[in-house]
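**Student:** So you can see what is in the structure, the chains are spelled out below.
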Amino acid sequence: MLNLLHGELYRLLHKRSMYIYFALLAVGYALIVFVRSGGFMPESLVDDAISAFAFLPVVVGGFFFAALYTDDLSAKNLISLVGFGINKTKIVIAKFILVALLNGIVFVIAPVFHGALYALFGQGVSGEALSLLYADVLKLFLMTAAFSALAGILVYGLQRPTIALVAYVLLAFNVVSGLIATLLNMVDPLLKSHLIPGITDNILMGLISGNSFVYPAAEYFVYVALVLVASAFVFTKKEMEF
Amino acid sequence: MTRVVLQTHALSKKYGSHFALNKVSLTLNQGDIYGLVGRNGAGKTTLFKCIMGLAKPSGGKIIINGEEENLNAVRSQMGFMINPSFFPYLNPKENLEYLCRIKGLTAKNEVSRLLKLVELEGVKKPYKAFSLGMKQRLGIAAALLGSPSLVVLDEPINGLDPQGIIDMRAVIKNVHEQTGATLIISSHILSELDLVATQFGFIEQGVLLQEISHKDLHEQTKNSLHIEVDDVEKTQAALRVLGVRNPLVEGNRIILQSHLDQSHKLARVFVSSGVEVYDLHRKETTLEEYFMRLVGGVQNA
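In order, the protein sequences belong to chains A and B. The first sequence begins at 1 in our numbering and counts up by one. The second sequence begins at 1001 in our numbering and counts up by one.
Fair warning: there could be bad hints in the mix.
To be verified - Pulled a few chain B residues facing chain A out of the computed Cβ check, cut under 7 Å:
(1) 1015
(2) 1075
(3) 1085
(4) 1087
(5) 1089
(6) 1090
(7) 1093
(8) 1094
(9) 1098
(10) 1105
(11) 1130
(12) 1149
Claimed, not checked - Here are some chain A residues the structure puts well away from chain B; computed CB gaps all over 10 Å:
(13) 34
(14) 63
(15) 85
(16) 86
(17) 158
(18) 189
(19) 205
(20) 218
Stated by the list, open to error - Partner residues are not named here, just some residues of chain B that face chain A (Cβ under 7 Å, in silico):
(21) 1052
(22) 1054
(23) 1104
(24) 1106
(25) 1243
Just so you know, the hints here were simulated from the structure itself, not pulled from any lab data. Since this is a predicted model, take the numbers as computed values, not measurements. Using N, Cα and C, we set each Cβ at its ideal position, and we do this for glycine too.
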């Protein structure tokens, strides 16, 4: 598995478009926040960040999902990995670790980058504001990781890059959870709190209020673990598409 | 004693009611270059997919290097090329470096050695800008990473121009000579495989029709003299004068594997013996004819 992680990191770090993409994203982000806050005003620091960060699952998570999962399908690399005798379950786990790791790095940098933009214009960032941003980013990170794992089932099951990517984007825009929540509302409104956005909301609430978030955190990990088990099962049953 | 590297026993693969492979039993000995010959859709790629674990057999057994249970462990020491495809944004060196890491290879000069072998050394352009020939050559290089003892190559000359075919042949021969690797190569171009293979397997409609050595194949396809006569017995008697005993007889036709350059002598003997000769000609069975005769057996079955 370490070899697989090593190799995947190598090829990702040699993907030149990644550097261009994130450079453009940083510039675009700075411009949007500047325009939105009316020139980096301290009172809008947290609100601006929370509004802008809401797109991270799509723009950052989507990029890494495409780079790690759908690139593999387009390049028929899964065939090479399986042909080299790498266990399919190991592939599923390694991909998830990587997608979590890479998103994690960007999500950790995001609040610092946001604060640095304000600092550049002479606006200090309080520890409290930064804590709030990190709590928000943690929720978004957990959502991104879970959505990647969920869309991963389609990657391994259908082995069609476009379908998998569209599914990820629909999940990241909360289209899927929105639809399911509407249906669940008709049965019992409390059920929607057991969807990924609801679970991560509960974790966030626990973090902010200082209450225990052990239950939603456990629910989250069980959820992701089950999704990974389902992915591995689907992948093991599915033959490689050429 | 020759060591068996790869064996399949009654290997079958079914898609719905269609048998893509039907009880295929083949044997590869160490050091063989095994040419798997079959037309498009004969089952060559399916067989390779099963061997590499990319398709699940419906029945039968695969034994690689004596291992039957944990095939993934032995597959990690194999090389293969089936529809080569790489990351489009990486250049050849980066694509091979990636695979080196995946395979856990640490040999420093492995990538440059292979790129040199397939004449892609110094190529900086990304894979997406490659010609078909370059893609095939990179596929070969990837299959040879880590000097595997068993290499599976599916249609390595497919789509190559004449020069590309010559180059690919040289690469395959080089690899075999330098590493002693056992290779199994599929193609529908028998004449091309004939130039490299030491052993052949003919496959049609998922059935392995025959396994034959290069020597035996040529023994069966060598030149012969076809003589059509009025009286076979009288002709056989005449032939005995020339030292020919028990020639092959098909109806009123006699087929000789000897005296190929002595038709004048034969004609003289036949005339003096009162044999009427209707036709006398030299015939060579080409490898393609041989293959088509085999395949015809299946088609007409």
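**Student:** Each hint: holds or not?
**Tutor:** Verification of the supplied hints:
Checking residue 1015 (chain B) against chain A: minimum C-beta separation of about 10 Å lies over 7 Å; hint violated. Nearest Cβ of chain A to the Cβ of residue 1075 (chain B): about 3 Å, under the 7 Å cut. The hint holds. A distance limit of 7 Å between C-beta atoms decides the matter here; for residue 1085 (chain B) the minimum to chain A is near 4 Å, and the interface restraint holds. For residue 1087 (chain B), the shortest C-beta to C-beta distance to chain A is roughly 5 Å, which falls under 7 Å, so the interface hint holds.
Hint status for residue 1089 (chain B) relative to chain A: holds, with the closest Cβ pair at about 6 Å, below 7 Å. Contact between residue 1090 (chain B) and chain A, as hinted, is supported at the beta carbon level, the nearest pair being about 6 Å apart and thus within 7 Å. Nearest Cβ of chain A to the Cβ of residue 1093 (chain B): about 10 Å, over the 7 Å cut. The hint is violated. A hinted interface residue such as residue 1094 (chain B) counts as satisfied when its beta carbon comes closer than 7 Å to some beta carbon of chain A; here the least separation is about 5 Å, so the hint holds.
Against a cut-off of 7 Å between C-beta atoms, the interface hint on residue 1098 (chain B) holds, since the closest Cβ of chain A lies about 5 Å away. Using the Cβ-Cβ criterion of 7 Å, the hint placing residue 1105 (chain B) at the interface with chain A is not satisfied: the shortest such distance is roughly 9 Å. Hint status for residue 1130 (chain B): violated, given a least beta-carbon distance of 13 Å to chain A, over 7 Å. Evaluation of the residue 1149 (chain B) hint against chain A yields a violated restraint, the C-beta minimum of about 14 Å exceeding 7 Å.
No beta-carbon of chain B is positioned within 10 Å of the beta-carbon of residue 34 (chain A); the least distance is around 32 Å. Residue 63 (chain A), annotated as away from the interface, keeps every beta carbon of chain B farther than 10 Å; the closest lies near 14 Å. A beta-carbon of chain B is positioned within 10 Å of the beta-carbon of residue 85 (chain A); the least distance is around 3 Å. The claim that residue 86 (chain A) lies off the interface is violated: its Cβ sits roughly 7 Å from the closest Cβ of chain B, which falls inside the 10 Å cut-off.
Taking the minimum C-beta to C-beta distance to chain B, about 16 Å, the non-interface status of residue 158 (chain A) holds against the 10 Å cut. Under the 10 Å C-beta cut-off, the non-interface status given to residue 189 (chain A) relative to chain B holds; the minimum distance is some 45 Å. Residue-level check passed: residue 205 (chain A) sits 42 Å from the nearest beta carbon of chain B, beyond 10 Å. Non-interface status of residue 218 (chain A) relative to chain B is upheld: no Cβ of that chain comes within 10 Å, the nearest being about 33 Å off.
Restraint check, residue 1052 (chain B) versus chain A: the minimum CB separation of about 4 Å is within 7 Å; hint holds. A cut of 7 Å between beta carbons decides the hint on residue 1054 (chain B): the least distance to chain A is about 4 Å, and the hint holds. A cut of 7 Å between beta carbons decides the hint on residue 1104 (chain B): the least distance to chain A is about 4 Å, and the hint holds. About 10 Å separates the beta-carbon of residue 1106 (chain B) from the nearest beta-carbon of chain A, more than 7 Å, and the hint is not met.
Checking residue 1243 (chain B) against chain A: minimum C-beta separation of about 57 Å lies over 7 Å; hint violated.
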